[in-house]
Amino acid sequence: MSEIQNGRGLSLVPKSDVKLGMKDFKSDQEVRWCPGCGDYAILAAVQSFVPELGLRRENMVFVSGIGCSSRFPYYMDTYGFHSIHGRAPAIATGLAASRPDLSVWVITGDGDSLSIGGNHLIHALRRNINLNILLFNNRIYGLTKGQYSPTSEVGKITKSTPMGSLDKPFNPISLAIGAEASFVARTIDSDRKHLHSVLREAAEHKGTSLVEIYQNCNIFNDGAFDQLKDPGQRDAITLRLEHGQPIASATKAVRRGADGGIEVVPRSEVSEEEILVHDVRRPDPSLAFALSRLDEPAFEHVPIGIFRSVDRPSYEELMTEQLDEAIGKGGPGDLDDLLLAGDTWRIG
Amino acid sequence: MTKQVQQLDRVIIRFAGDSGDGMQLTGDRFTSGTAEFGNDLSTLPNFPAEIRAPAGTLPGVSSFQLHFADHDILTPGDAPNVLVAMNPAALKANLGDLPRGADIIANTDEFTKRNLQKVGYDGSPLEDDSLSEWRVHPVPLTSLTVKALEGFDLSKKDAERSKNMFALGLLSWLYHRPTETTIKFLETKFAKRPDIAKANIAAFQAGWNYGETTESFSVSYEVKPAQLPPGVYRNISGNQALAYGLVAASVKSKLPLFLGSYPITPASDILHELSKHKRFGIRTFQAEDEIAGVGAALGASFGGALGVTTTSGPGVALKAETVGLAVTTELPLIVVDVQRAGPSTGMPTKTEQTDLLMALYGRNGESPLPVVAPATPSDCFDAAVEAARLAVKYRTPVMLLSDGYLANGSEPWRVPSSAELPDISTEFATAPNGEDGTTFLPFKRDPETLARPWAIPGTAGLEHRIGGIEKADGTGNISYDPNNHDKMVRLRQAKIEGIAHDIPALDVDDPDGDARVLVLGWGSTYGPIAAAVRRIRRAGGKVAQAHLRHLNPLPANTGEVLRAYDKVLLPEINLGQLALLLRARFLVDIISYNRVRGLPFKAEELAGVIQDVIDSE
Ligand code: SF4
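The listed protein sequences derive, respectively, from chains A and B.
Going by full-length UniProt numbering, the first sequence opens with residue 1, and the numbers climb by one from there.
Going by full-length UniProt numbering, the second sequence opens with residue 1, and the numbers climb by one from there.
Incorrect hints may have been included.
[Unchecked claim] In the EDC-like style, the derived pairs of lysine to aspartate or glutamate whose C-alpha atoms are separated by at most 20 Å in a straight line are:
id: 1; chain 1: B; residue 1: K276; chain 2: A; residue 2: D336
id: 2; chain 1: B; residue 1: K276; chain 2: A; residue 2: E325
id: 3; chain 1: B; residue 1: K393; chain 2: B; residue 2: E427
id: 4; chain 1: B; residue 1: K278; chain 2: A; residue 2: E296
id: 5; chain 1: B; residue 1: K254; chain 2: A; residue 2: D337
id: 6; chain 1: B; residue 1: K276; chain 2: A; residue 2: D334
id: 7; chain 1: B; residue 1: K252; chain 2: A; residue 2: D334
id: 8; chain 1: B; residue 1: K252; chain 2: A; residue 2: D279
id: 9; chain 1: B; residue 1: K278; chain 2: A; residue 2: D337
id: 10; chain 1: B; residue 1: K278; chain 2: A; residue 2: D334
[Said to hold, decoys possible] Residues from chain B that face chain A, not an exhaustive set, calculated with beta carbons under 7 Å:
id: 11; residue: V232
id: 12; residue: K278
id: 13; residue: F302
[What the hints assert, rightly or not] Pairwise CB distance ranges, derived in the manner of DEER restraints:
id: 14; chain 1: B; residue 1: P263; chain 2: A; residue 2: G331; range: 35 to 43 Å
id: 15; chain 1: A; residue 1: G331; chain 2: B; residue 2: D289; range: 48 to 56 Å
id: 16; chain 1: B; residue 1: W134; chain 2: A; residue 2: R346; range: 50 to 58 Å
id: 17; chain 1: B; residue 1: W134; chain 2: A; residue 2: G331; range: 52 to 60 Å
Simulated from the structure, these hints should not be mistaken for laboratory data.
Note that the coordinates shown come from a computational prediction; the quantities given were computed from them, not determined experimentally.
For each residue, glycine too, the CB sits at the ideal point set by N, CA and C.
Start from the sequences and build out the full structure, keeping to the hints where you can.
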């Protein structure tokens, strides 16, 4: 159990009797992403991380929609369901609601989850069903060959927007917090250690966890996150969010502004006491939301880490409670009693 | 005063009033009394889509028709013998359906100048001779009710609200209905408001006493109980029977039921009903939209549940892509379509059979699935169990085509015992099925049914991936191989076609065996067709009748049956969808009869059509 989770997320999933390793989670299918695609790093990170959870392989399910990232389940030697565009959260919802003994993962992309499947995503988040949603954000449509996506920056020149895209992108973190998500985090494909730690927290969180993973599409949107990877700039723009720690980098710090909001200031200008201390468990989401806006509009200050992780009952838990309550009150259902309930009469 | 009692073999009553007048409740209660008395019966509620259309207007009229008899009957009746009109709008909206000589009981209190004007009457039709063809009984229902409730601590408005119970009391007297069930019902319904319960009971009894004492009704009527096969009976509507059928399917398949649904008229009652039965382990999930409803159901099926989604036509359109996913991943799924008038929003509370081709072909790719249609309200129970049987046994989505007429109509139902119902349980895969004894082939088929193994998460050693991309035969791995695709398309088709050997042959009712004309039907037209066929036979005519429960695949002998008759007549509440299929498949020159009015056929209408076909021989 981690420092910030209470361990309920996986409490109903059976543990493996034997110690499993990375190879146990690799399927025999040939991985078919473009060479250099960020998806490889994420796959390797997931395959190397899941054995740590100590779960039975057969009780893990990966569900995806459509898009490059959605091929992911084929490469995991667990149960998997590669479904249709945008619908993975809906399918995973039915699975997780009826099988609380499973660890269910949704693999999705920015087009899949924020365009065609936007409705399912926000409703899954508000319901807080026990799912882990990994949103691979490459800010482009890859599988359909390079149209702008709902996370592409305004003015993006693509095949479908030769003069630049017109619509304001979604910020997935802001969207998730607005949709009542109980767990919201951001990480990046190139940082395996960070990915591991965030995925672990997500897995152990009871309810829906949304993890945005910055993922490089080297074919259609190469270098979208280079600033965050370049050792020369990285530290200047990244703000690591760590529970209980001041929100600051070597050069910058976050504090309360005079207008009641938050602001990023040079670290040298603030006293240690003034720096905001990160609290993922804060019930009120407004500060987490404010943090999610720090990188708007440009990549000036990019918070990475867990924005929010609060404990509230998960949907399938409550659903099971209702069934138990009904059975507790009236006993298990009897078909003959049901059919004969109400006004009946006998003939002959 | 002793009044004359007249014997009748059957009666059709229509209660009509404003949406807010409680006509559906009044009809329901009369139905319960009638069922308890032992008559055979059939009901037809008819209400506007608007919850409360403007009071006193024609669009706001809600009605409930009940046909009851001392013999078994098949339809809610063509034309009412009695119309209870709670206001001028109800009279005007229903008068066209009333045959000459029928009784009209009109609430005179509502025939005010303003109410008359609202529906375009210049003067009161009760006061001129425009209703001279009918027997009019003017009754000041509202003021009599208020008077009867004088002793109660109720506002005038609240007292007026009980006028439907007064009307029910009057009709209960007129037709010798038992009163106890209604009194008990009111006591339970208003258990928390005993004053309201008492007021309603008092109004009900005042209506009864009024019948007994008034000069306006000199005769009362008796309809003897019907002789139905022995058993325990209850009255049941189509939606309730369908919901019970799904509960039964869960019990008899030993699979937990998971319903993913989005509210839509006229299917929502199934969601409401199933939500009550959590003691059966049933999980009902009200989704954010139609697509999520079916998606969640399919996800639950992947996990080993009996996944069900319930909807109407517009919802089926939205679910199409997910149903296609269920076809290709070969998972059990039940899709209930309570058809309503379309296209688009159409007329949500009105009935139609216009989704047949959508059910069969409304998906991309070659996407075959079984289609099952109930014939009567209570038959929705058996049809649901049959849909589940096919879904589970053949690992396939099944479309269950009910409609608005079946959904809201009701009839007595001989309640089956759980033991009588078929065992439809199945087995999950538990061990590798590959030649080497260690690999699992998720698409290796049962040689007889062609169904694939159902291996659910949590089963060690059978980890596998499925999805919407074409799968290699056997392994289920992604495959773009042209020949494999052709093979898989044909295998999926063959699996569904093979079901023809697992369903009953098409049964023909041809008592003397020498009819030359066959009337074929499917779905909710059963009642009107059978009633029409009876009329023809009673008049000495010869006609055979057959009714399809399985629309896909068709029973193996369908072609043979069709070719055995000189003429095949097929009435449908669409523009000839089944006829199109049968003509193409069997090259039989089907005679279509189509009306798409949002209403069921009338028996008399169909008898005329059948007679014309016989006469043209
Ligand atoms: S198109 Fe982009 S996202 Fe898709 S596989 Fe290639 S590199 Fe990866």
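Status of each hint after checking the structure:
Distance hint between B/K276 and A/D336 is fulfilled; the C-alpha atoms sit about 16 Å from each other, no more than 20 Å. The straight-line distance between the Cα atoms of B/K276 and A/E325 is roughly 12 Å, inside the 20 Å bound, and the hint therefore holds. In summary, the hint linking B/K393 to B/E427 is supported, as the alpha carbons are separated by about 9 Å, within the 20 Å threshold. For the hint linking B/K278 to A/E296, the alpha-carbon distance of about 47 Å lies beyond 20 Å, and the restraint is violated.
Taking the CA atoms of B/K254 and A/D337, the gap is about 17 Å. The hint holds against a cut of 20 Å. Proximity of B/K276 to A/D334 is assessed by CA-CA distance (about 13 Å); at most 20 Å being required, the pair is judged to hold. A C-alpha spacing of about 12 Å is found between B/K252 and A/D334, which places the hinted pair at or below 20 Å, so the restraint holds. A distance of roughly 51 Å separates the Cα atoms of B/K252 and A/D279; the hinted pair therefore is violated under the 20 Å criterion.
At roughly 14 Å between alpha-carbon atoms, B/K278 and A/D337 fall within 20 Å of each other, so this suggested pair holds. For the hint pairing B/K278 with A/D334, the CA-to-CA distance comes to about 11 Å; that is within 20 Å, so the pair holds. Because the closest C-beta pair between B/V232 and chain A is about 5 Å apart, less than 7 Å, the hint holds. Using the Cβ-Cβ criterion of 7 Å, the hint placing B/K278 at the interface with chain A is satisfied: the shortest such distance is roughly 4 Å.
Taking 7 Å as the C-beta cut-off, the interface hint given for B/F302 holds, the closest approach to chain A being about 6 Å. Roughly 30 Å separates the CB atoms of B/P263 and A/G331, a value that falls outside the hinted 35 to 43 Å. At roughly 35 Å, the beta carbons of A/G331 and B/D289 sit outside the given window of 48 to 56 Å. Our hint of 50 to 58 Å for B/W134 and A/R346 is violated, since their Cβ atoms are close to 39 Å apart.
For the pair B/W134 and A/G331, the supplied restraint of 52 to 60 Å holds, since their beta-carbon distance comes to about 55 Å.
Hints 4, 8, 14, 15 and 16 from the earlier list are contradicted by this structure; the remaining hints agree with it.
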